[in-house]
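Q: Chains A and B supply the protein sequences, listed in that same order.
Here the first sequence stands for residues 135 to 235, numbered as in the numbering used here.
Here the second sequence stands for residues 7 to 452, numbered as in the numbering used here.
Errors might be hidden in some of the hints.
Claimed, not checked - Per the computed footprint, the stretches of chain A lying under chain B, defined by three or more beta-carbons under 8 Å from a beta-carbon of chain B, are:
| no. | stretch |
| --- | --- |
| 1 | 162–175 |
| 2 | 217–227 |
Said to hold, decoys possible - Subject to a maximum C-alpha distance of 25 Å in a straight line, what follows is the list of computed SDA-like cross-link-like pairs (lysine to any residue):
| no. | chain 1 | residue 1 | chain 2 | residue 2 |
| --- | --- | --- | --- | --- |
| 3 | A | LYS178 | A | ARG192 |
| 4 | A | LYS178 | B | ARG381 |
| 5 | A | LYS178 | B | PRO317 |
| 6 | A | LYS178 | A | ALA144 |
Stated by the list, open to error - Quick list of simulated restraints, FRET-style, between CB atoms:
| no. | chain 1 | residue 1 | chain 2 | residue 2 | range |
| --- | --- | --- | --- | --- | --- |
| 7 | A | LYS178 | B | GLU19 | 51 to 61 Å |
| 8 | A | GLU163 | B | ASP330 | 36 to 46 Å |
| 9 | B | ALA158 | A | PRO152 | 21 to 31 Å |
In short, the hints are calculated from the structure, not lab data.
For every residue, glycine included, the Cβ atom is placed at its ideal position computed from N, Cα and C.
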Amino acid sequence: MLSVERRVVADLTESADPAVRAAVAGWCERSLDDMPDGLRLGVKAESLLLSAAALVARPSDLRPLLTWMARSPIGVVRAYPRLVRSLVVFGELELAGPAAP
Amino acid sequence: MDVLVVEEGPWIEPGSVAPFSLAEMDLAYRHHGSSAAMGNPPIAYAEGRCVGGSTEINSGLWAHPADEVVRGWASAFAIDELTPEVLADHAAQIETWVPVHTVPGPAPAASVVLARGADALGWRSTELPRAFAYDHRGRGTKQSMSRTLLPAAMAAGARVEAETRVTRLLLDRGRARGAAVVTTHPDGRRERRTIEADVVVCCAGAVQTPALLQRSGLRRGVGSGLRMHPTLKVVARFPEAVDPGDVPMHRITEFSPGLAIGGSASRPGHVALALLDRSAAGAEARDDWDHLAVYYAAIRSDRPGRVRALPGLRAPLVTYPVTDADLSRLTRGLVLLGEALLAAGAVELIPAVEGAPSARSVADLHHWWDAVDRRRASLMTVHLTSSIGMSEDPRRSRADSFGAIRGVAGLRVNDASLLPDAPGVNPQATVMAIAHRNAQNLLSTR
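All chains should be built: construct the whole structure from the sequences, respecting the hints.
A: Shown next, in the form of C-alpha cells:
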C-alpha cells in the first residue's frame, strides 16, 4: 500500500480505537495488494495523482480531495474514493461493529 | 485410478470462518473479493479461491434452470445428451451425496418478505432448497465441497494439494501431459515443479479456466463467451426486526428466467456497502442493522464478455458489455423488486445507485427510471459462466458436448465455463449436474 493510500484509509476510518484503526488499515492493505494487477496499476496511478494534488493543496485531511474526486465526470476518478471507502466501511463494520452472525 | 486435485488457494477447515465475513474474504476469496469486469459500467464480482472453490463462499442455493432454457441450449448450441431430464437425473445423483433441503420450520423474516410481497401482488415465488444439512435443533450447516465430495474422494484415495497454482498446462504433440505448478509452502518458500498426468481436467471456474488455457497456448474459441447475471441491489428498511443474518432462500420467480429477484448476504458490512452513497452508511448499517436487509434484481444480459490472459499480468483481464436494453431490464427489475418489498411492508428502499432517491411509496419508485444510468449504477455479480461453452459444432465451442477440448487429447474442462449461457438461476446445481454428466462420460471413454 502506498503511503498516500495509507493516509486516505486513515482519514476515512471513523473509529478512534487504535486497534480497530490498525486492523482496518491491515485489511485495506491486504485487499489493495491482492487486487488484480491491471486494476492495481490503475489504482496506484490515481493514488500518485492524489498524492501530487495533496502536495500542492497541502490539506490537513484528504477527505475534501476525495469528495472532489467523487464528483468528477470521469468514471475511473469517481471510482477511486468509492473503492477505498468501500474497503474502509466494510472493514470497520466487520472489525469493530456489534457481533454479527 | 490415481487422482490428484490441485488448488491454488488454501484448505480452510470447514466452519472455521463465519460465512460472508471479512475473515472469509481474507482467506477464501480471490483478490479479497475485489475483482471487477471492465466495462461501462464495470461489474464487481467474487470468486472463491480455496479448496472447494466457490461452493465454500456461496449461499448453497440449489436451483434448476427452466426446462425451456436447457432445451434452448441443446438445440442452439448443438449439445448431445443435454435435456432437462438428464440434468435432473444427475442433480438427483448429486443430492444423494450432498444433502439438499429447505429450511426446517419457518424461514427467516428477511426471506419470507419476498414471498409476502409476491403474494400481495399475485406473483409467483418459491423457497429454494439449499445444499445444507440441519441438526435436530434446525441449525443449518452448508454442505460445501470441503465437507462433502472432497472428503469422500480423499477417502477413496484421491489426493488434494492446496496452495498450488497451475501456471500452465503441459501440452505436447496434441496431447495434455500434465501441468507446471508453483507450490507455496507454509514458510513462504515457493517450489516450482511439474505434475505429469494422463488426463487433465480444468475446474477453475469461468474466469480462471479460460485464462489457464490461454496461458498454455490455447486461445482460439476460449474466453470469448463469458456470461454473468448483472445485478442491482437495494437496501430495504422494515419497521420490525427481520433477522437478516442468513441469505434469503425465497425467490420471486414471476419474471424468470430473464429476471431473478431475491435476497443477498446482509451482514452489517454488506448493508453498508449497499448504502455507500449515503454519507453515514457505516453508522446507519451499524445502528439499524436488524431492520435492514439487502435484496437484488439480476438479469440475463444481451452480449457476452471476454476473459483474456495478458502477458506479464498474473490476473486475466475481464471485460463485459452492458447494453442499453440490459440497463433498462435492470431498472425494471429494481422497480419490480421495490414494488414487492413495499407490498411486504418495507418503509424505505435505498437503491445502490448513486444519487437515486430512496422510495417510501410505489409512486417514488418511478423516479428510479431516470436515476439508473451507466454513470450511477453499481453493478455486481456472483454468477460467472460460459467462457468456453460446449458444442458438437467446432465453430461454436472449443469443447465438445462433454467438455473435451478439441485438438488436445486428454484435456477436459468441467466447470461453469461450459454452461452455454447464464442459467437465470443460482448456477451451482446446473454446474454440478453437468460436471457429473461429463465425469461419467470421461470414465466411460477410458
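Q: Going through the earlier hints one by one, which of them does the structure break, listed in rising order?
A: Those not satisfied are hints 7, 9.
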